[in-house]
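Trainee: Produce the complete structure using the sequences and hints provided.
As given, the protein sequences belong to chains P and F, one line each in that order. Following the numbering used here, the numbering of the first sequence begins with 1 at its first residue and continues without gaps. Following the numbering used here, the numbering of the second sequence begins with 1 at its first residue and continues without gaps.
A few of these clues could be false.
To be verified - Cut-off 30 Å, straight-line C-alpha distance, at most; resulting in silico cross-link-like pairs (DSS-like, lysine-lysine):
(1) Lys40/F x Lys27/F
(2) Lys111/F x Lys128/F
(3) Lys77/P x Lys38/F
(4) Lys55/F x Lys91/P
(5) Lys345/P x Lys112/F
(6) Lys85/F x Lys212/P
Unchecked claim - Under 10 Å between C-beta atoms, here's a sample of chain P residues computed to sit facing chain F:
(7) Ala21
(8) Ala28
(9) Leu173
(10) Ile360
Bear in mind the hints are in silico, worked out from the structure with no lab data behind them. Where is the CB? At the ideal position from N, CA and C, for every residue including glycine.
Chain residues, written in single-letter form:
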Amino acid sequence: MYEYLVNILFSVTGNQFLAQASVMILIAALPLFVVILPYALAAVLAERKVSAFMQDRIGPNRTGYRGLFQTLADILKLIQKEDIINSEADKKLFNISPLLVFAGSYAAFAAIPFSGMFIGTNAEVGIFFILAISSLVVAGILMGGWASNNKYSLLGAMRSAAQIISYEIPTALVILSIVMLTGTLSLNTISELQTAYFWNWNIFGGAAEGFKQFILIPFMIAGFIILYISTLAEVNRVPFDIPEAESELVSGFHTEYSGMKFAMFFLAEYANMFAVSAIIATVFFGGYQSPFGYLGNTLNFPLLIPFEQFFWFMIKGLFFVFVQMWLRWTLPRLRVDQLMTVCWKYLIPYAFINLIIIGIISLL
Amino acid sequence: MLTEFGKIFVFIVLSLVFVVISVFAAKLIRPKRPTTEKLKVYECGENAEGTPWIKFNIRFFVIALIFLIFDVEVVLLFPWALVYKSYGIFGFLVGAIFLILLGIGMAYEWKKGDLNWDRPKISPPVIKKENN
Numbered sequence: 001m002y003e004y005l006v007n008i009l010f011s012v013t014g015n016q017f018l019a020q021a022s023v024m025i026l027i028a029a030l031p032l033f034v035v036i037l038p039y040a041l042a043a044v045l046a047e048r049k050v051s052a053f054m055q056d057r058i059g060p061n062r063t064g065y066r067g068l069f070q071t072l073a074d075i076l077k078l079i080q081k082e083d084i085i086n087s088e089a090d091k092k093l094f095n096i097s098p099l100l101v102f103a104g105s106y107a108a109f110a111a112i113p114f115s116g117m118f119i120g121t122n123a124e125v126g127i128f129f130i131l132a133i134s135s136l137v138v139a140g141i142l143m144g145g146w147a148s149n150n151k152y153s154l155l156g157a158m159r160s161a162a163q164i165i166s167y168e169i170p171t172a173l174v175i176l177s178i179v180m181l182t183g184t185l186s187l188n189t190i191s192e193l194q195t196a197y198f199w200n201w202n203i204f205g206g207a208a209e210g211f212k213q214f215i216l217i218p219f220m221i222a223g224f225i226i227l228y229i230s231t232l233a234e235v236n237r238v239p240f241d242i243p244e245a246e247s248e249l250v251s252g253f254h255t256e257y258s259g260m261k262f263a264m265f266f267l268a269e270y271a272n273m274f275a276v277s278a279i280i281a282t283v284f285f286g287g288y289q290s291p292f293g294y295l296g297n298t299l300n301f302p303l304l305i306p307f308e309q310f311f312w313f314m315i316k317g318l319f320f321v322f323v324q325m326w327l328r329w330t331l332p333r334l335r336v337d338q339l340m341t342v343c344w345k346y347l348i349p350y351a352f353i354n355l356i357i358i359g360i361i362s363l364l
Numbered sequence: 001m002l003t004e005f006g007k008i009f010v011f012i013v014l015s016l017v018f019v020v021i022s023v024f025a026a027k028l029i030r031p032k033r034p035t036t037e038k039l040k041v042y043e044c045g046e047n048a049e050g051t052p053w054i055k056f057n058i059r060f061f062v063i064a065l066i067f068l069i070f071d072v073e074v075v076l077l078f079p080w081a082l083v084y085k086s087y088g089i090f091g092f093l094v095g096a097i098f099l100i101l102l103g104i105g106m107a108y109e110w111k112k113g114d115l116n117w118d119r120p121k122i123s124p125p126v127i128k129k130e131n132n
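Mentor: Below you can see the structure in the form of structure tokens.
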């Protein structure tokens, strides 16, 4: 898609760099305006509706038909809010923090393939880049918590940083085992390897053939569970929400933020939720691949396939986002010592053993 | 020429521009009426006592140190994971030895109690009293 558009623009303008830059800006803007913003609008409403139905309430139902415009009303409200920076805050760091947090979570979308035709960058490092760039979020969170000069913010930021960096290790170990199996870091290639039918997905043994596939299944499921738990902790969702535990720390590192800056943290949080769900879907559940053939192939209309792939990708990603919301009303919050025990004494040793076993099996 | 990493750079710049524009666009609409009360540090309605910039818990440092070791290890293992199949069983053993060494290190940390969030119990040195 990138080359195609660049060629068109190049023939029009005759300037290679101009053509490339303008096409790239368009491509970089697409995930934001086509995926993240509509998704965040829907997800904030869904979060409230899902929690309402789970607690036998009605949820927001005043704005628009059954409360459909609730999030829009929230955004209008947030735009009008006064931007308060408390008199003792470190103003520079306080303002940089939302930039870092949002940039860190949005940059991850550069390497996620939304369909076979649409991916921001074809850099070979793919998933490794995502692991690296998401550390920017930790820096942003610590910066915001420290600059606020507020006890709740600093406590929340410190807990958050400790939690995110701890759970990055099981995440990286599980992804490492997938890399050993597939032999590539590019998420696009990982998706392409899981083509055709759903029994080719990595969770069912992936591209390995014959008996190897059957031996792999239990270890893949174990890897998926470890990855799901640790990504849940990385995005600070319940049951790992002690950094922003509203009943003890008000709301963690963004207690002092208001107005649009708060909205940016909120948007980054929802973007992160989708990013980790998309990564799980890509790594274990075939990414943009359909579970059973494409309509475009049956109708002999290949132009339809990228749109179908995009549809399947969104379905898979949104399903895991829904599970995150579901878990929020199912599990109680962990204590901080339990949190560290789960990570260091259970997930990491299991992920280690899983890694070695998958390594041996894929060598056979 | 725009390289593949240049594309990532465009993504990052675009997200920064998006945040800056939306914060400044809101500036046109939002009111600005600061008062001393409003600008106080939030502490559930009380006047804030003392500074939050205190020494924080040493356990955070220990976690960060262990994290650092494991993170460097993961960075070293990624290139190995990409190519180990082409070296057969020998290639696997090289990585496995490295992994086992780390496993031993982790077992040592576990034994020492550094993975416990509760402070490890330090037995005070016993001073023998000499009875004269």
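Trainee: Output the numbers, in ascending order, of every earlier hint that fails for this structure.
Mentor: none
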